[in-house]
Each structure stands twice: as structure tokens, then as C-alpha cells.
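Asker: So the sequences go chain by chain: A and B.
One rule links them: number in the numbering used here = place in the first sequence (from 1) + 434.
One rule links them: number in the numbering used here = place in the second sequence (from 1) + 21.
No lab work stands behind these hints, which were simulated from the structure alone.
Check before you lean on any hint, since a few could be wrong.
Computed cross-link-like contacts, EDC-like style, restricted to lysine to aspartate or glutamate with a CA-CA straight-line distance of at most 16 Å [claimed, not checked]:
hint	chain 1	residue 1	chain 2	residue 2
1	A	Lys436	B	Asp103
2	A	Lys450	B	Glu26
3	A	Lys437	B	Asp31
4	A	Lys450	B	Asp31
5	A	Lys436	B	Glu178
6	B	Lys210	B	Asp59
7	A	Lys450	B	Glu32
8	B	Lys267	B	Asp227
9	A	Lys437	B	Glu26
10	A	Lys436	B	Glu26
11	A	Lys437	B	Glu178
Quick look at which bits of chain B chain A covers, simulated, 3 or more residues with Cβ under 8 Å [what the hints assert, rightly or not]:
hint	stretch
12	27-37
13	61-68
14	142-153
15	199-210
No residue lacks a Cβ here, since even glycine has one placed at the ideal position from N, Cα and C.
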Amino acid sequence: MKKIRLNIALHRRINKAVFIPSILAAFIFTLLLFYFTYHLTSRYINDTRKMKNRLGSVKSELTKLEKEGETANIKIASEKSLWNPRIAYCNFLIEKKVYYLSERLNFLETVLPSEIQVASLQWKNAQNQMELQLIAPGFPQVLSTYKALAPYDLDLISDFEQDGRFHMNVRLKYVSK
Amino acid sequence: MDLIERIFPDEYPQQYLYISANRIRIISAASGRMETTDEFYFDPKRLAASTTELTQNLGERLRLVKTGLIFDPHFFIFNLFDFEKIPLSPKTRRTMIEWRLQKVFPEKMDQYSHLYFRTSAKQYFSILISRETHQFWENLLNSLKIPVIFSGNSTVEICNHLFHKQKTPGFFIEVTPTALVTVFCHRRKLLYFRKTKYSIVAEIVDDVLRTLQFINTQYSWKPDSWNLIDFFELVDRKKFQEEMIKTGCKPAPTPATPLFFLPKRT
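Looking at chain B on its own, in the form it has when it is part of the complex (with noise of 0.2 Å):
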């Protein structure tokens, strides 16, 4: 753990909302103990156009305690860059990142916070989030006069539980709504990151395979166990198990579904 994370920790909020691209979940975090209380859907496209009904719905399920949002991985774009050489000064290092991300995101960068963590020795991790989206939800939690604490990624804080000790999966995939994570890890290091968007649930095994075989053929390494994070639980976890059982990849030994999007307390 990070000295200024030490001295200067971020508070626990007391209760976690799990924002998807149309499902919203309500975990409570009160003393410690995490559990889901509620859920609900909205309509994304009319978002934008009314939150009245959305504003309604969060008021009668929220309590007005300190509020942590946990946004799944649709709202981001990940970005994972490999340098030869890391420079010392933050600026230098600052256009570097941005100039690599600028060659695989050309888009305007003024909609975006983008934000970057050195996840090992020569490798950035990029997050580029749209302002609107999270200051929308902060803003529609404020309305309420609900203190929002805590504005982070799922995918992110699964990266956290799942990577940041000494004997770690081979990868995870992480299925939400409407986005499918895999991500690779190493000898502790990040190696591969895919995210995708998917229609039909049938899609999510046959594209694990084929990242799975792209990773064999491409880095000459074959992860041996993996974790499935489907907190809406879209995939038959049993199916999935037969299916990369047969890859010669065995699940790791965690809980069946476990918070593991929400951050780790320490």
C-alpha cells in the first residue's frame, strides 16, 4: 500500500451503487457487512431527456448516508501502454501517455477525464471516463442531498482484489449488461485487456476462447486458472466451468460471486 493511501485514505462509503449501462444495483455498506438491498432498470436513452422518474426511484431507495458509485466497465475505455524507457519528470511522462493514447483514441480529449496508474515497472494503465457521464450521476445523487464519496470502476477494483497479492489467477472476465472484460495478468504484471460489447450471452464463451487461444499464440502462455465476475449472473457459471475445463484452464478457488467490484477495505 502507498504511504499518501496510508496517511490520506480514502472513507468507506455506507452504501455502493452499481451503475450499469440500464441496471442499477443498491448495496448497502453499513459496518462493514456488503449486501444488495435493491435493483432496478432504467432506460438509458431517455437518461438524458427526463431523470425525474430516475431521481424518484434513487430517492426511495437510497438512504442519505455517504454514497459510493461503482460504475461497470461500458463508461470507461482502457488502455494498457508497455514503455521501453519511463521518463522521470510527470509532464514528459504526462505527453508521452497521452501521445500513445492519442494514436489508439483520436477523438478530443476536453469530454474526458483521463487518468493513468504505473501498474508496474514499465507499464501505464490508461482510464478514460466521459465527464458528463459521472458528474450526471453525482449530480443526480447531490440533488437528493446523498454525499457521493466514492466515483470509481469495477473493473479497476476486481484488478485490486484479484491482482494485487502474490498468488494471483491467471486472468478474470468480468460480464456486466452490455460489456465483456478479460483481463490477463502475468507474474504480476498486466499482459492483455480486452474489453468488448456483447448482444447475446451465447457470444461470451466463444469470445473467452478466442482470447484465450490469441494469448497462447501470441505471449506463448497459457493462464491456469481464471475467476468469472458476473455479478448479474447472464452466464450459466456451470456451462462456462465445463467449457474452460476443457481448455485445461481450472476456475481459482474464490467465492462464487464475491463484491469483488467494490473497493477493498483495508
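Isolated chain A, as found in the complex (with noise of 0.2 Å):
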């Protein structure tokens, strides 16, 4: 059963010795409850402030971080402005450089009549030229050789007959397609 609290006194006195504990305990457990509350808001405050005049800086260096970008992009497009050209001829002289084995094969391939065995081969890429050994079965094929050489500015260093083949020493110029 529920306990009852009856009570009809027109006069009641509340009962200080145990009011005024929990008044105080109350009143205490408020202070603290809103010390808390206060602790933790202005904190929470504080912090977003920080955060928010960190975002500003942040937000400034950013754009300062853009305007330099930008800056240093023209001053890039200036630069390259002033190198292509000089990159492009470099790249120029760096091609006329180089070389393709495989074309120059080609071109030995197409050139020389089907007869004729490459003994030996020689590059000399300063004067942009090859020095060749040839063996030809025969005299004819000799003549071919020497007629399809012909444009390449041909050089003949030495021929001689040795069991019935004939062994050719030429030098001549590569032209590139």
C-alpha cells in the first residue's frame, strides 16, 4: 500500500533539519549542474571561435596560396613562351642525332640485289656512312651490285675473285626515306 500523508493541521512547519540539507544539496547540485553547463558551453563557444579564425586564416592562405599560383603560372607560360622554341630545336638536333638500325637494314634489304651475301658491316655515323664486305657468286651480280650502289655515293675499296666468288670492300652513303 501507498503510504498516506495526512495532515490537516491549518498551521504545518516544514521540517528544517531535513528541508534545509536537501534545499542545499538541491541548490548545490544546481550550481554545479549550471557551473557545468556554463563550463562546457563557453568552451564549446570558445572552440568554435578557434575554429572559425582558423578557417578564416586558412581561407586567406588559400587564396594567397591561388594568387601565387596564378602568378607562377604566367610566369611558367613566359618560360615556355621563351623555351618551346629552343626545346623544339634541341629536340631537332637530337633527332638528326639519332638513328634506326632496323631502317638502315631496310635499306641495305631494298638495295642490294638478292644474290649478294653482307660479309661484313661496318657504321661510321659521323660521315653518315657504312662500310660494307659483299660476296657475289658471280661476275653479273657484281655489275648489279655495283649499279644499284651507284646513287649512294660509292666508294669502291678493294675486289677480288677467291673460289669462284667475288669479294667486295664499298663504302657508301645512307639516305634516309
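Could you use the hints to bring the two separately framed chains together as a complex?
Answerer: Next comes the structure, spelled out in C-alpha cells:
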């Protein structure tokens, strides 16, 4: 059964010995609650303010970096316009200096008659020349070889016959297509 | 204990006046120790006409300290109301309880203080007391410059003492010079409340046994223990106990004459 609190006295009095400590405890609890609420709220406000300030400085830094980037881009563009022709010229020179082996072998394959054997091959890149030792099965093939190589500054170093085969040492200029 | 009571508890009086229909007992409650210090009779019929003698008697016996008045059930009208559903609104609740009260007590309510208390989930305990009665006693003590800070009822305090705990007796019998109250409590819920007037003490045992029989048939429940609160020692306790044991009801293990009718000190 629930307790019944019956007191019909006209002048009831609160038990101060219990009431005052209870009220004091409630007051202290409220104060503590208020203090913690205030502390947490002010901390939150401060943190938010700090974050906002930091965000502002980060934003200004970002704007500054963007401006710097723009300046750098302009500088890069001007440098590019200055250096690009030079680079293009350098590339041209590099391209001119390099050669493709397959291209040169293709050149030989197309130029030389089919019966001719290549015994040795030596490149002379500085002069854009090549030295070849060729072997032909007969004299007509020797003639057709000289004829085929004639347009390429053919320089006949030596030729001789050995064991029925004709050996030729020639020098010629490579012409790229 | 309610939170309100915990925060705003009433101050404990330093002396009590147990007021029955024709007798007053003075109980000292200084420093928490209760003891009966004095007792005297008065004529209730002459009370309204002249209070001089009573005032003089009280003035001689009472200390000028904060005092509590405990009225015996003679002055009260009790009712137990069970509801299927209790409305949430206090106004509707009051209307509902007053409507139930009007059915059993069709008198004008102006002269009475009506208080009601929730005793369990679906039950209200209604208490009526004549305003004139308690105001008369309070004014009388105030005229002697004795502050009255408590004014309650013995039966309610006994209920608080006996039924507001885990292990409760099945019922208690409160015997006062003019009234006999039997209150039954089953599974922590007030089951039945009976207040009767009696003229000879012999009627008490018969009445209790009849009530017990009624409870047995009506609620199919037989209480196993009881308490007899007989402050004025009107009943032969030994004989009463023998009669009750015959019915299979044993006395609850409590002191012989505890001052259960005084507010419980917490």
C-alpha cells in the first residue's frame, strides 16, 4: 500500500532539519549543473570561435596560394614561350643525331640485289656512311651490285675473286627516306 | 517515500494529543522517545457549551511546544473506492471520486474536509472529517499558545505503519472508546475497511469474527495474521487472541501496545 500523508493542520511546518539540507543539496547540485553547463558551453563557443578563426586564416592562406599559383602559371607560360622554340630546336637536333638500325638494314635489303651476301658491316655515323664486305656468286652480280649502289656515293675500296666467288669492299652513304 | 515528502517533510511534533470521543491522552515525543504522560476524560456533550474546563485541563498538562493532534476514527468517515480506469486529469479525478462519495454519503460537503489518497494502482482512499471538529481543537490549543503543526488520524497512521512494507499482516483491528475499525490488506492493496460503533466490549470480538467470515466468503481469502491496536486496553487481549486462534488467525509478531497511531518517524 502506498503511504498516506495526512496532515490537516492549519499551520503545518516543514521539518527544517531535513528541508534545509535537501534544499542546500539541490542548490549545490543546481550550481554544479549550471557550472558544468556554463563551462561546457563556453568551451564549445571558444572552440567554435577558434575553428572559425583558423578557417578564416586557412581561407586567406588558400587565396594567397591561389594568387601565387596564378603568378607562377603566368611565369611558366612566359618561360614556356621563351624556351619552347629552344626545346623544339634541341629536339630537332637530337632527332637528327639518332638513327634507326632497322631502317638502315631495310635500306640495305631493298638496295642490294638478292644473290649478294653481306659478310661484314661497319657503321660510320659521323659521316653517315657504312662500310660493307659483300660476296657475289658471279661477275654479273658484281656489276648489278655496283649499279644498284652507285646512287649512294659508292666508294669501291677493293674487290677480288676467291674460290670462284667475288669479294667486294665498298663504302656508301646512307640516305634516309 | 514520495519525493515531495522527502524534500518537504513535516516537522515532528514534540508532544501529541490522542483525541477520542471522550478521552484525551497526552504523549510526549521529546527527542524521538514516545511515552504517555497524562490522560483525562471530558464530556463531549458539554464541549460546545463551555470549553473553560477543558482549556484549563489542557493548559495544566501540556507543554508549550509544537504539538500534534491525533484524532481517533470516531471523527472520520472512510471510504475505499476502486476504479476500472483512473483519469489523468486531477480535476476529473476529483469529480469522479466525489461522485462516488455522493452515492454513499449524500450529505452536503460544505461542513467537511474531503481528502483522498491513491493507495494502489486503481484504488483511492477517501477521508472525510468535519471542519468544525479539527478547527475547534486547533483553536483551543492556539488559545493556549500551543502551536499545532500536525493534525491526523490514528487509523491512517496505523495503515502506514503496518501496510507500507513488504510483509504485512492480513488485517488490523483498532479499538477506541467508541469505534471499532477493521482494515484488511491483501497483496499490498487495501481490501476492506469497516468502521462500527459499539457500546459493550463483548461486541468487539463478535464483530471481528463476523467481518472475518464475510471476508472469507466475499473475497475467498483467509487472512493469516492480525494486529490488535488497543491503546486504551479496552479488550482482553488474551481472550481475543484465543478466539482468533480458533479461526486459524495468528497474531502478527509486533510489540503488545506499540504507538502505531502516531506518525512514523523516518
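Asker: Compare the structure with each hint and give your call.
Answerer: For each hint, the structure was consulted:
1. A:Lys436 with B:Asp103: holds (15 Å)
2. A:Lys450 with B:Glu26: holds (13 Å)
3. A:Lys437 with B:Asp31: Status holds; Cα separation ~14 Å.
4. A:Lys450 with B:Asp31: holds (9 Å)
5. A:Lys436 with B:Glu178: holds (12 Å)
6. B:Lys210 with B:Asp59: The hint is violated at about 36 Å.
7. A:Lys450 with B:Glu32: With Cα atoms ~7 Å apart, A:Lys450 and B:Glu32 stay inside 16 Å; holds.
8. B:Lys267 with B:Asp227: Given that 16 Å is the threshold and the Cα spacing comes to 13 Å, the pair holds.
9. A:Lys437 with B:Glu26: Roughly 10 Å separates the two Cα atoms, so the pair holds.
10. A:Lys436 with B:Glu26: Status holds; Cα separation ~13 Å.
11. A:Lys437 with B:Glu178: Measuring from Cα to Cα gives roughly 9 Å; hence the hint holds.
12. 27-37: This one holds; 7 residues, not fewer than the three required, reach chain A with a Cβ under 8 Å.
13. 61-68: violated (count 0)
14. 142-153: holds (count 3)
15. 199-210: That given contact holds, which follows from 3 residues of the stretch 199-210 of chain B lying within Cβ reach (below 8 Å) of chain A.
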